[in-house]
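Chemist: Got chain A sorted already, so can you dock chain B onto it with the hints?
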Amino acid sequence: MRRLLRILDSISEWSGRVVCWLVLVFTLTLGWEIVMRYVFNAPTKWAFDMSYMLGGAYFWLGVAYTSLKKGHVRIDIFYRRFSRRTQALIDVGLSLLFFFPLWGMLLYRLIPYVYLSWITQERSMQGYWMPVLYPFKTVMPVGAALLLLQGISDFLRSLLVLAGREEERA
Amino acid sequence: MSPEFVTALMFAGLFAGIFLGYPTAFVLGGISMVFGWAFIGPAVFGHFIVRLEGVMKNYDLLAVPLFLYMGVFMEKAGIAERLYSALHLLLGGLRGGLGISTIIICAVFAAATGVVGASEITVGLIALPAMLSRQYDKALACGAICAGGTLGILIPPSVMIVIYGPLAGISVGKLFLAAILPGLLLAGLYILYIAIRCYRRPGDGPPLAAEDRRVPASRKLALLATSILPPAVLILAVLGSIFFGIAAVTEAAAVGALAGMLLAACYGRLTAGLVRDACLQTLQITSMILLIAVCAAFFSTVFVALGGDDLIQKLFAGLPFGKWGFLLGSNLLLILLGMVIDWIGIVFIMVPLLTPAAASFGFDPVWFAALVMVNLQISFLTPPFAYSIFYLRGIAPPGVTTADIYRGVVPFVGLQVLALLLCILFPGIITFLPGLMRG
Numbered sequence: 000m001r002r003l004l005r006i007l008d009s010i011s012e013w014s015g016r017v018v019c020w021l022v023l024v025f026t027l028t029l030g031w032e033i034v035m036r037y038v039f040n041a042p043t044k045w046a047f048d049m050s051y052m053l054g055g056a057y058f059w060l061g062v063a064y065t066s067l068k069k070g071h072v073r074i075d076i077f078y079r080r081f082s083r084r085t086q087a088l089i090d091v092g093l094s095l096l097f098f099f100p101l102w103g104m105l106l107y108r109l110i111p112y113v114y115l116s117w118i119t120q121e122r123s124m125q126g127y128w129m130p131v132l133y134p135f136k137t138v139m140p141v142g143a144a145l146l147l148l149q150g151i152s153d154f155l156r157s158l159l160v161l162a163g164r165e166e167e168r169a
Numbered sequence: 000m001s002p003e004f005v006t007a008l009m010f011a012g013l014f015a016g017i018f019l020g021y022p023t024a025f026v027l028g029g030i031s032m033v034f035g036w037a038f039i040g041p042a043v044f045g046h047f048i049v050r051l052e053g054v055m056k057n058y059d060l061l062a063v064p065l066f067l068y069m070g071v072f073m074e075k076a077g078i079a080e081r082l083y084s085a086l087h088l089l090l091g092g093l094r095g096g097l098g099i100s101t102i103i104i105c106a107v108f109a110a111a112t113g114v115v116g117a118s119e120i121t122v123g124l125i126a127l128p129a130m131l132s133r134q135y136d137k138a139l140a141c142g143a144i145c146a147g148g149t150l151g152i153l154i155p156p157s158v159m160i161v162i163y164g165p166l167a168g169i170s171v172g173k174l175f176l177a178a179i180l181p182g183l184l185l186a187g188l189y190i191l192y193i194a195i196r197c198y199r200r201p202g203d204g205p206p207l208a209a210e211d212r213r214v215p216a217s218r219k220l221a222l223l224a225t226s227i228l229p230p231a232v233l234i235l236a237v238l239g240s241i242f243f244g245i246a247a248v249t250e251a252a253a254v255g256a257l258a259g260m261l262l263a264a265c266y267g268r269l270t271a272g273l274v275r276d277a278c279l280q281t282l283q284i285t286s287m288i289l290l291i292a293v294c295a296a297f298f299s300t301v302f303v304a305l306g307g308d309d310l311i312q313k314l315f316a317g318l319p320f321g322k323w324g325f326l327l328g329s330n331l332l333l334i335l336l337g338m339v340i341d342w343i344g345i346v347f348i349m350v351p352l353l354t355p356a357a358a359s360f361g362f363d364p365v366w367f368a369a370l371v372m373v374n375l376q377i378s379f380l381t382p383p384f385a386y387s388i389f390y391l392r393g394i395a396p397p398g399v400t401t402a403d404i405y406r407g408v409v410p411f412v413g414l415q416v417l418a419l420l421l422c423i424l425f426p427g428i429i430t431f432l433p434g435l436m437r438g
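Chains as they are written, first to last, in numbering that gives the first Met the number 0: chain A, 0 to 169; chain B, 0 to 438.
No wet-lab data here; the hints were simulated from the structure. For every residue, glycine included, the Cβ atom is placed at its ideal position computed from N, Cα and C. Hints are not guaranteed to be accurate.
[To be verified] Partial list, derived from the structure: chain B residues whose beta carbon lies under 8 Å from chain A:
(1) L19
(2) F44
(3) H46
(4) E52
(5) I340
[To be verified] Pairwise CB distance ranges, derived in the manner of DEER restraints:
(6) A:T43 - B:D363: 31 to 39 Å
(7) A:L155 - B:A42: 28 to 36 Å
(8) B:K313 - A:M129: 39 to 47 Å
(9) A:S82 - B:L424: 45 to 53 Å
(10) B:G40 - A:Q120: 27 to 35 Å
(11) B:G324 - A:T137: 32 to 40 Å
(12) A:F81 - B:T270: 37 to 45 Å
(13) A:K69 - B:A11: 24 to 32 Å
(14) B:S359 - A:W31: 38 to 46 Å
(15) A:T43 - B:A402: 41 to 49 Å
[Said to hold, decoys possible] Straight line, CA to CA, 27 Å or less: simulated DSS-like cross-link-like pairs of lysine-lysine:
(16) B:K322 - A:K68
(17) A:K44 - B:K56
(18) B:K56 - A:K69
So that you can see chain B by itself, here it is in the shape it has in the complex:
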């Protein structure tokens, strides 16, 4: 059989298994086993053992459980409630003020946790009832929470970046810096959109009544200081130590996890039960992600041995319009995949294929990686497979329908595409901060 045919068959089998609904990790591993055994022979299991051991020994991937662990403590420390009541008092008087507060809290939380689920559910449980009781437009409220929550996977520290770095052979620290400005750009666009929309149509996001906000200014400031300062200091310490080369990403993650525990202790929430729940919750997510990492490593072993990677690179090189054709094609492909598969599957399957192709077209690897990650933001909001919508549907009160959520995310998807275009037109948004890093 020709390599073309085998490669096509491998991908066909992979997508067939995934869409039948068998767990992604087991499909990836199973396809690798079937094709490896058939075309390489039983020796393929020796390669699999080496790859399994490689993932288990990977020091950089240790940052995955550590950042998840940090996130659970931040989530349970009760920062979100405090922050929301502070911003509520400060910005509540503006049209759309609660919506803007929601985005700000999501951005802060995105920096305090590394995934979407934790931050979106925590913020959603507080912000959605608050906005609905103030007669906010349901779709706008849902869209803001979904889009804001999605920032969790982009704004560093983020688990997506920790996985992406080793896969693409790029320093995780550099990628952290590269993702900061695009993350802030997205948050800024969301805020601008909510402000303009509510200014023109006050019914969508009415300001709070004055008596709701009659609290002395000193108390407002105190509330803001106790809610925003501790997590801000923590995040800056984690990112700063990476930026100045003081600590490796894994060590910075450990510091973050310990500081998260300390923070929970300061707010009086640190109990043995919380520590145990945090350990269990972290275990489940870590094992889920890293099992996919193991099986994706099996897949790439077999795929490369069968000549699939050469084939894919030739395919990319043959695209019309050269490098811009590749850029457009790969972004459209990622958006399409993002509708039907989760980000973990996309990262593990696509990054090893896209990275060498992008390099051969002469794109800056850090820029391209950050662009892919901005693109993957879209995957959280585009149905049928959209994590952010699933999470919100899980916690939305009965009055909110799935149709409200779908209507709500549409403008935010538009803003994400706009941010993607801005990052292409002005590559400095991505490359400015990593360029400043030492070494």
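Same shape as in the complex, but just chain A:
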């Protein structure tokens, strides 16, 4: 159990540490485009598509890491007054009602959607570059899967609290 939790958390941790660099990449991409356009009067045709793809991947792949770091805002005006057990009960109940059905179903529906994009070699219709879309679309199920894995880790921890076997977070 302890091992499983550690593995799940380290997946989220590393996804964040890798993905976070994308912000630097798309900052530089946009910077390059601006220099090319205003200084050399030769705008690139790929910077627009490239930057929103990188930006979309950046935030969506970071959602699991943010979950690990407890970064998703909670309105805790009542929550923080509850006992650890009550808090765990709320988290277990609402993740069964809200979290797992939503992201689980979304992942289930995303796989055929993205598969279609792969086999048809779908291309972007915004702008002139018209890049293939499947690498970008593949980010959607990957992000959802990462979020679900982190959700499982949080869920198991809350169960441990309810079972009276509280574990400190590594």
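Modeler: Positioned in the frame of chain A, the structure of chain B alone reads:
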């Protein structure tokens, strides 16, 4: 079931989940899933995929991480320390001078970063010990930092505006311009209040002793120039390029982020470690905000499909006293929500409902949007859920109690309400600058 009942049930579920303390994004998404599945069927997940892809592809929202990224570099470049020591020397001789300096630095920082947390903590860590060691009234010192820090979300570039624009279908550039004068108005009111209060009761904000300030004038000016000029040039470049239509907001944000890095490099603070921390910090805040954006988009899909938006518009149209009844009602509602929910939740839930209603009453959309944003300033200072108070409590020394902070913010909340009224009575405060913009 009638649409009235379903809509009421959706909101009841939403607020129940939020107040139980489950993360706002997951409650929004979960409620949408439950109601969508029940009333639309499994096809609703197809709509959700389209909305998720829409947020991921949104070019305008890219400005959110970019402005956050810029803010982290500005924060770490050490501008706040320099600026404070310069203003400290220039204004320290006045009664309340340190309090006034605090507001000025907060306003500059508000323009250099796009959120409240970064600027308030940076300024608070410097200004609070400085004011307390000079025997400032604790409540006044805390109130000034909380209120000043809150300007971060209003004075452009601000993340709130970047989110608000696409939600309301208004150009982000126009909203940036609309928010400048109200932001300066608030800063001016805060300064005036501190000056008058300390003039009448010098014990609240005593002037510094002369020996504290005996530094040659040339050095004072040099310090001021090296501290205020670089960020000022940077901010003017970012806002100016938007104003004159040279760059889209997203591109201007990228320029801001690169310039922030350059600035940090000039002050000798740019290291690989800083860049990595900035990337990670930006990732967490961006993902938090944009996940709420995704889930709020799910919510609005289901809400509109179930006829909720028509219902809300009818409800607004039926308010007594017509447009003024709506204006008063919506502002009071925002103040009430602001006490218990954070601004991100309020913006994503309320803006899609209020914007069409305001338009149907004939209010100028830019004016109304800026008014809502001035109103949301209040939400940072009104407990029980008040970010500015949380941040300050996190960094306050042991001698400062939560009661001191609460007492301190009261007059500033009054000033925010005054600013809101001024913006209603004199709409030009908001509409003057956007009116000048080309196009």
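Chemist: Hint by hint, note whether the structure agrees.
Modeler: Structure-based check of each hint:
1. The interface hint given for L19 (chain B) is met, as the beta carbon of that residue sits about 5 Å from the closest beta carbon of chain A, less than 8 Å.
2. Look at F44 (chain B): its Cβ gets to within about 4 Å of chain A, closer than 8 Å, so that hint holds up.
3. Hint on H46 (chain B) is violated. Least Cβ distance to chain A is approximately 10 Å, over the 8 Å limit.
4. Annotation: E52 (chain B) was flagged as interfacial toward chain A, and the flag holds, the nearest CB pair being 7 Å apart, inside 8 Å.
5. Nearest Cβ of chain A to the Cβ of I340 (chain B): about 6 Å, under the 8 Å cut. The hint holds.
6. A beta carbon spacing of about 38 Å between T43 (chain A) and D363 (chain B) agrees with the range 31 to 39 Å that was offered as a hint.
7. For L155 (chain A) and A42 (chain B), the hinted distance range of 28 to 36 Å is satisfied, since their beta carbons lie about 32 Å from each other.
8. As the Cβ distance of K313 (chain B) to M129 (chain A) is approximately 45 Å, the hint placing it in 39 to 47 Å holds.
9. One distance hint, 45 to 53 Å for the beta-carbon pair S82 (chain A) and L424 (chain B), holds here, with the actual separation near 50 Å.
10. One distance hint, 27 to 35 Å for the beta-carbon pair G40 (chain B) and Q120 (chain A), holds here, with the actual separation near 31 Å.
11. The hinted window of 32 to 40 Å between G324 (chain B) and T137 (chain A) is violated, with their beta carbons roughly 51 Å apart.
12. A hinted range of 37 to 45 Å holds for the C-beta pair F81 (chain A) and T270 (chain B), which are about 42 Å apart.
13. For K69 (chain A) and A11 (chain B), the Cβ-Cβ distance of about 27 Å falls inside the hinted range of 24 to 32 Å, so the restraint holds.
14. The beta-carbon spacing between S359 (chain B) and W31 (chain A), approximately 44 Å, falls within the hinted interval of 38 to 46 Å.
15. Take T43 (chain A) and A402 (chain B): their Cβ atoms lie about 57 Å apart, and the range 41 to 49 Å is violated.
16. Under the criterion of a C-alpha separation no larger than 27 Å, the hint pairing K322 (chain B) with K68 (chain A) is inconsistent with the structure, at around 44 Å.
17. Distance restraint check for K44 (chain A) and K56 (chain B): the Cα-Cα separation of roughly 17 Å lies within the 27 Å cut-off, and the hinted pair is therefore satisfied.
18. Distance hint between K56 (chain B) and K69 (chain A) is fulfilled; the C-alpha atoms sit about 26 Å from each other, no more than 27 Å.
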